[in-house]
Amino acid sequence: MTSSDIAIDIDNVVKRYGAFTALHGVSMQIHANEFFTLLGPSGCGKTTLLRSIAGFEDVNEGAIRLYGNDIAPLPPHKRPINTVFQQYALFPHMTVTENVMFGLRRSGWSRIEAATRADDVLKLVQLSNFADRKPAQLSGGQQQRVALARALAPRPKVLLLDEPLSALDLKLRQAVRVELKQIQRETGIAFIFVTHDQEEALTMSDRIAVMSSGHVQQIGTPREIYETPINRFVADFIGETNLLNVTVQSVSEGTAQVILPSGHPFSCPAATVNSDGTGHLSVRPERIELCPAGGGDLDVKVESQVYLGTDIQLHTRVADGEKMIVRLQNAQSTILPEIDTVVGLKIEAGAARLLAD
Amino acid sequence: MAAGAPDGASSKSDIYAGNGPRLMLPVWVFIGLFLLLPVALMGVYSFLTKEFRGGVIWDFTLTAYDQFFLDRGLFGDDPAKIEWTYIGIFWRSIWQAGMATIMCLLIGFPTAWFIATRDAKTRSIWLFLITIPYWVNLLIRTVSMKFLIRDTGPLNEFLMWSGVINEPLGLINTNFAVQLGLFYSYLPFMVLPIYAAVERYDFSLSEAAADLYANVWTILRLVILPVVKPGIIAGCILVFVPSLGAFLAPDLLGGAKTFMIGSLIEEQFKGNAGNWPFGAAASMILLSIVMAVLLIYARSQTKGDK
Amino acid sequence: MASKKYLLKAPKNDLRRLPGFTTVTLLCLFILYAPLMVVAIYSFNASTSITNWGGWSLAWYGDVFFGPEAAKFQQAAINSLIIAVCAAFAATIIATAAAVAMNRTGAFRGKTSGFMLINLPLMVPEVVTAVASLVFFSTIGFTTGLGTILLAHIVFCIPFAYLPISARMQSVPDLYEQAAMDLYATPLEAFKLVLLPIMMPGLMSGFLLAFIISLDDFLITNFVKGAGIETLPTAVFGSVKQGIKPNIMAISTLMLGVSVVFVSLSWLIGRAGQSQQETK
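Protein chains in written order, with UniProt numbering: chain L, 1 to 357; chain G, 1 to 306; chain R, 1 to 280.
Extracted from the complex, chain L is given alone in its bound form (with noise of 0.2 Å):
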């Protein structure tokens, strides 16, 4: 991969606060193109390293790079990088055309080339009707869309959209994320968004780069992510996973002998092992099947039945106290097992994941 593809590269970058240390060496490339999506629970530094990429927050070790030019040493104001901030930040004595075009006049446009930019990236967000407003007569989406059209209007090499979507009620949320991955696609510039919403990131993101308590813990896209998840952290926080302890018997070429709870072996891929012979089997809800008690990998007794509409959810526990959790498809031909009857569960093959913790 030659540098001209890779927009952003964060080599080992360390944060500290005093004695808190909110990055400790993370290391990323964002390609151009790329909607590459910074997720996380909060306070994993997710934020931190979004705000050291604009320029808000100085590095301590590390460099960040610009298509191959360290920005490290330049203030805000001398990066080619926007950013649409969560509260959006909209300027509120500027109607929306000169909130939009602020950052052109500042860049050195003229008058005339930024309001024809400015209409256009209007047009592009479809707010031109809006156009004369003050950002207080604006509805939290139409600000949300200004805030988007104003840092794209000079044409960054970067856009940094810092959870964007937090601010707006569920139904609009949901019309946003495709809305903002298809002008991502029009503009062809790299974002690099942030979010504690594992759903937002699994829906619009090219790549994910999960982390947690200042560290990266895996890179990928979001098939990846979800269906090979690298370490315990990763499997539970994406998505609904089951996680047993299992012990292992043996690993060769990426398969895992471990013996389940229920004291059956049980063979699939392996990502990472605890040195002391332990791990998770991490299984997904819906990859798992009943079967009669004792036909299966394990035998569990049923709890609790939950109604998801789509889906039913057996809350079921395994004979050693542990949780599973099992997704049933809502079909005419679903046959659901009695509260408290032990049933059978069967693994399908290759859809558990041995982990370390």
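Hints are computed from structural coordinates only; laboratory data are not their basis.
Any given hint might turn out to be false.
What the hints assert, rightly or not - Calculated lysine to any residue pairs in the SDA-like style (CA-CA distance at most 20 Å, straight line):
no., chain 1, residue 1, chain 2, residue 2
1, R, Lys111, G, Leu171
2, L, Lys78, R, Lys241
3, R, Lys241, G, Phe68
4, R, Lys111, G, Ala298
5, G, Lys121, R, Arg271
6, G, Lys270, R, Lys241
7, L, Lys123, L, Arg207
Said to hold, decoys possible - A short list of chain R residues far from chain L (calculated; beta carbon distances all over 12 Å):
no., residue
8, Leu18
9, Ala34
10, Val38
11, Thr51
12, Leu58
13, Val85
14, Thr112
15, Tyr176
16, Gln178
17, Leu196
18, Met199
19, Arg271
Owing to the predicted nature of the structure, the values given are computational and were not obtained by experimental measurement.
We put the beta carbon where it would ideally sit given N, CA and C, even for glycine.
Please build the complex by placing chains G and R on the supplied structure of chain L, with the hints as guidance.
Below, chains G and R without anything else, positioned relative to chain L:
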């Protein structure tokens, strides 16, 4: 703020970092040069020798302070006794300021309480009504008070007309008139901090106490007083300190017998009869008292925080 | 609402309705307003005596503008206005710079002492400030006059301008300036184009407050004004020392009117600023 809040907590809020000293320069120039330095210079003056037509001779001496505190007789050769004249004036000033403060507290506390317990809309109107007179020129207010309470003024006219009294009350030029003037000058300073304290008080706490069979006065003493005490103390200081050095109220409403510090100092710098070093010494003593009060207050505040 | 319910149950114990407090509040307002009202009414007195009521008239307002002392009071009023406008303007600029230093530059050496310095004019008794200024100007050989009055006024106006400006700056998140800098504005442009316009209500109240405080001052002005130069308060004081005359009441009423207009204005600006914040 939902996510990333801990990240943002220690974010770089110093947008104009490094410009602090430069931006503070005008403050240093103006207040430093035209207030701090003059006060320091006045401190020096208090140790100089007086010149007869106002002004000073640059000979260092303790004469001014000696004259303030000690009586050495007409020719300065008697054994030194304590000179009570000026201490008396200071004591009277403290007394007058104290009385004004008590008057402000007696009227101001119920007022602040009343306003703070109105609903939000009417509250701001009451507050506005209380603060308007403060913005009216102090001189005008003091002159108005003088006009109202003088012997042939509307107050006495009215009371005599209505038959309550037969001869004028003789308010003007009394200690009480000065207290009334000071009270009138600084009343809003008492109301506002108490209001702020009461407004912050959550009345459901006292309801809980009332539920537990506490009567009104018990609640007032045990539950509310600790909450509003900082407001009361702040209010008392805001009234007491400016009252102590006030000039207009004692000058316009008082007479010879109600002479206060402000007038004493003013007299030393007006015309040819003045004694600049003595006036400077009196100013330094007044400044010391005020700073001591403020320091004690600041100490109690920081202790309260811990 | 628990409180409402409680009120119905035992209104006697409601601390929000303490007996006598309403009366005291009304008394308080009466004390505050009665002297001003009386003077305002008597300023319309037709009689030349200040004691007797001779019917309604605008005679004394005519006297203020066209009478024998009209020129003196007019000059004093003009001096007062010039000084108040200049002092408030200078104080607003100085206070704004100080507010940026205190709220937007992080920690620096001399921050605490700088903050104490801003508040020093509030702590030093007025008569001490007055005397110290006189001593200082006479020592360094400044000719007393409008210039010395202006300097002294700027000094004591600074903390009054600082209060609302700093409060407003604290309430404006630095997010806006960050957004501006993200959009290629230099720090100076972020300040000029974004922070300053958003802060405008705070700047206005700071200016008005300083303006009123400057107009109000008598004591310090009286010490540093020098011979022959009068501001409105010193002119009124000089006149009152010879006894209250009806024209003084007319002037007082006019000054009262100006104060009320300005305070109302600043109150309305403050409210507008607040509601603007709420809609954001």
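Violations among the numbered hints: Checked against the structure, the hints that fail are numbers 1, 2, 3, 7, 15, 16, 17 and 18, while the rest are satisfied.
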